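Enquirer: Chains E and R, in that order, are what the protein sequence lines are.
Everything in the first sequence is counted per our numbering, starting at 1 for the first residue and increasing by one.
Everything in the second sequence is counted per our numbering, starting at 207 for the first residue and increasing by one.
Worth flagging that the hints you see were computed from the coordinates, not collected in a lab.
Since this is a predicted model, take the numbers as computed values, not measurements.
Warning: the hint list may mix true and false statements.
Claimed, not checked - Below, simulated DSBU-like cross-link-like pairs (lysine-lysine); rule was C-alpha separation at most 35 Å, straight line: (1) 45/E - 120/E; (2) 118/E - 189/E; (3) 101/E - 315/R; (4) 251/R - 180/E; (5) 279/R - 318/R; (6) 307/R - 318/R; (7) 315/R - 171/E; (8) 216/R - 43/E; (9) 43/E - 180/E; (10) 180/E - 80/E; (11) 216/R - 120/E; (12) 189/E - 341/R; (13) 315/R - 369/R; (14) 73/E - 341/R; (15) 45/E - 323/R; (16) 80/E - 323/R.
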Amino acid sequence: MPSYKLYYFHGRGRAEPARLMLAAAGLPYEDIRLEYEQWPEYKPKMPMGQAPVLEVDGTMICQSVAIARFVAKESGRAGKTNIEQAWADMMADGFVDMLNKMADYVWYEEDEARKAEKKKTFFDTTLPEFLGYFEKLLVANNGGGGFFVGDGLTHAEAFFLCLSDDIIAEKPNVLSPYPKLAALVERIKTYPGIKEWLAKRPQTPF
Amino acid sequence: MPSYKLTYFKHWGRAGVLRLLFAAGGIEFEDVRIERDQWPELKPKTPMGQIPILEVDGTIICQTKAIGRFIAKEAGLAGKTPLEAAQADMIVDGLSDLQVKIVDFFIEKDAKKKQEKIKEFAEKTFPVFLDTYEKLASSSGHFVGDALTWADVDFFSLMFFLKDHLPNDPLKGYVNLSKVRDNVTSNPGIAAWMEKETSH
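Can you build the whole structure from these sequences, using the hints too?
Expert: Structure representation (structure tokens):
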């Protein structure tokens, strides 16, 4: 069994999709949460000077989606054929696009007026457009009563849960127009391994 | 043999790398290039209202990196082990991060702000990126293991896209990165494709 060390900060953020897939797989790992003061010491050791990083028997992988996909594959939860894998990847990328739009106004916009404007555009226009696509794509997989890809959970679900956590925190009824997506959130939360992780994971602001 | 139909606009943009990957793998594909005014009619038929899209025996996949990874696997260019595949993925993701910065100055309409953004990119963002990627590339000119992967092809593709927007040869002085570029351009499928693409 390889040794896994996941480096990130005290938060869900960009590391949480990997943590969810590690939980679904029941794979033990070192969940390293760095203090901000420790970061200048660790940054030069990371391949692109960023976190999260997953260290697998000494090899360091960076980039949150690459990490989550690798971990998903370790337990056969990344899609069973090349096409299924591409579908899982495309869904995950769509969710990451939305997470990036949120990060843009939460973390990278300092002007308060522009911040509010971007947030409004996101919730009023961008997000509804894409939730519409996501609902349709879920339904396209056998009516949408299961998962995004094939008949099992993949890293697509991990990214979707992280996105829904964030958008529901802002707007609790945001998924009501999308019943299949809303029902899927509950299925992910009760998935073996993930259910236990959600109950015990540190409660953090991000 | 599956049928592949790639749809995008005419320019290099986001599909350039995908066409290169088909070429590198010697895989036949229908290279559909639409005009701007055809887009509104196509948009609702796409999974997420965006292109490029790849249709594989009737299934439509979107998201450039998802498509790229799929073609890379079909072409045997996605790494030999799961860890190698992850290494290729991380290189591609880092290139994608850089592309976000490029698109940002590209679409900037205010001329003064555009110049400022290009200056910041050329003097700070891009050199930092190149320094990082030089260390990630091997002296034999590969980002992953010792063979060509789609990470190498994606790097070349982005450098090719950038060449019209930056003054000099950006890889001058970067020994490993220049070798990556050489390895990519000497791949027979890619060499033939580039000859065709750049000869008009």
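Enquirer: Each hint: holds or not?
Expert: Status of each hint after checking the structure:
1. 45/E - 120/E: violated (38 Å)
2. 118/E - 189/E: Holds - the C-alpha atoms of residue 189/E and residue 118/E are around 30 Å apart, at most 35 Å.
3. 101/E - 315/R: holds (20 Å)
4. 251/R - 180/E: holds (21 Å)
5. 279/R - 318/R: violated (43 Å)
6. 307/R - 318/R: holds (17 Å)
7. 315/R - 171/E: holds (33 Å)
8. 216/R - 43/E: violated (40 Å)
9. 43/E - 180/E: violated (41 Å)
10. 180/E - 80/E: Holds: residue 180/E and residue 80/E sit about 23 Å apart, inside 35 Å.
11. 216/R - 120/E: holds (34 Å)
12. 189/E - 341/R: Answer violated: residue 189/E to residue 341/R is near 41 Å, above 35 Å.
13. 315/R - 369/R: holds (21 Å)
14. 73/E - 341/R: Answer holds: residue 73/E to residue 341/R is near 27 Å, not above 35 Å.
15. 45/E - 323/R: holds (29 Å)
16. 80/E - 323/R: violated (43 Å)
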